[in-house]
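Go by the hints and put chain B onto chain A.
There are 2 protein chains.
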Amino acid sequence: MPPSDDPAVEIVSGDPVAFVRDLKQRSGGDIWLCGGGQLAGQLLPEVDELVVKVNPIVVGSGIPLADRSFDLQHFSLVDATPIGAGVIMLHYTR
Amino acid sequence: MPPSDDPAVEIVSGDPVAFVRDLKQRSGGDIWLCGGGQLAGQLLPEVDELVVKVNPIVVGSGIPLADRSFDLQHFSLVDATPIGAGVIMLHYTR
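If you're matching them up, the sequences are chains A and B in order. Residue numbers 88 to 181, in this note's numbering, belong to the letters of the first sequence in order. Residue numbers 88 to 181, in this note's numbering, belong to the letters of the second sequence in order.
In case anyone wonders, no lab produced these hints; they're calculated from the structure. Do not rely on the hints blindly, as some may be mistaken.
Identical copies go unnamed one by one, so any copy, or any two together, can satisfy a pair.
[Unchecked claim] In silico lysine to any residue, SDA-like type, Cα no more than 25 angstroms apart, as pairs:
hint, residue 1, residue 2
1, K111, P132
2, K140, A95
3, K111, I144
4, K111, P94
Just so you know, these numbers come straight off a predicted model, no measurement behind them.
Chain A with its partners taken away, still in its complex shape:
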């Protein structure tokens, strides 16, 4: 993948877990992971907060929330908020 034309965007390769661990050591804002199930699966142990929108649809099969081996990751429910159209937003912290 070529470098980004946007100076605010940096494209990185390598281990995403090591990259995020390094980011977390630095000062600055929070880190927002907005990506597919495979990346979320790799980064899940580094996730401190989880926002899940539950749609009123059973899809049968598809991309998992966090694609990884069976490994319980416990969170604490902060709130569950209906946001319209039958969608519930679930907010968790560690």
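This is chain B only, laid out in the frame that chain A set:
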């Protein structure tokens, strides 16, 4: 599987969808499906009401809610109720 010793329990074989469709034509109480993801996957088109308890745990991989091919099944949210220990009970109808 041998017949049940309990006269209130009948063990059936064959197509579960045909069996449930036949049950739904008869008079009597509601039908409660309490079973694994594979049975739920087969019977999902016959499900009128859905009760899902969402635990505050990401397991990574495991038994899906309804094990079937990609096929959107739309429901309507009735309510979302916290039932303690970070568990949310989601109740849907068609």
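Consistency of the hints with the structure:
Proximity of K111 and P132 under a CA criterion of 25 angstroms is satisfied intra-copy only: 13 angstroms inside one chain copy versus 46 angstroms between copies. Taking the closest pair of Cα atoms, K140 and A95 never come within 25 angstroms of each other, the shortest separation being 28 angstroms inside a single copy and 41 angstroms across copies. Taking the shortest alpha-carbon separations for K111 and I144, only the inter-copy value of 23 angstroms comes in at or below 25 angstroms, while the best intra-copy value is 35 angstroms. Taking the closest pair of Cα atoms, K111 and P94 come within 25 angstroms of each other only inside a single copy of the chain (21 angstroms); across copies the shortest separation is 62 angstroms, beyond that limit.
Hint compliance for this structure: hint 2 alone is broken.
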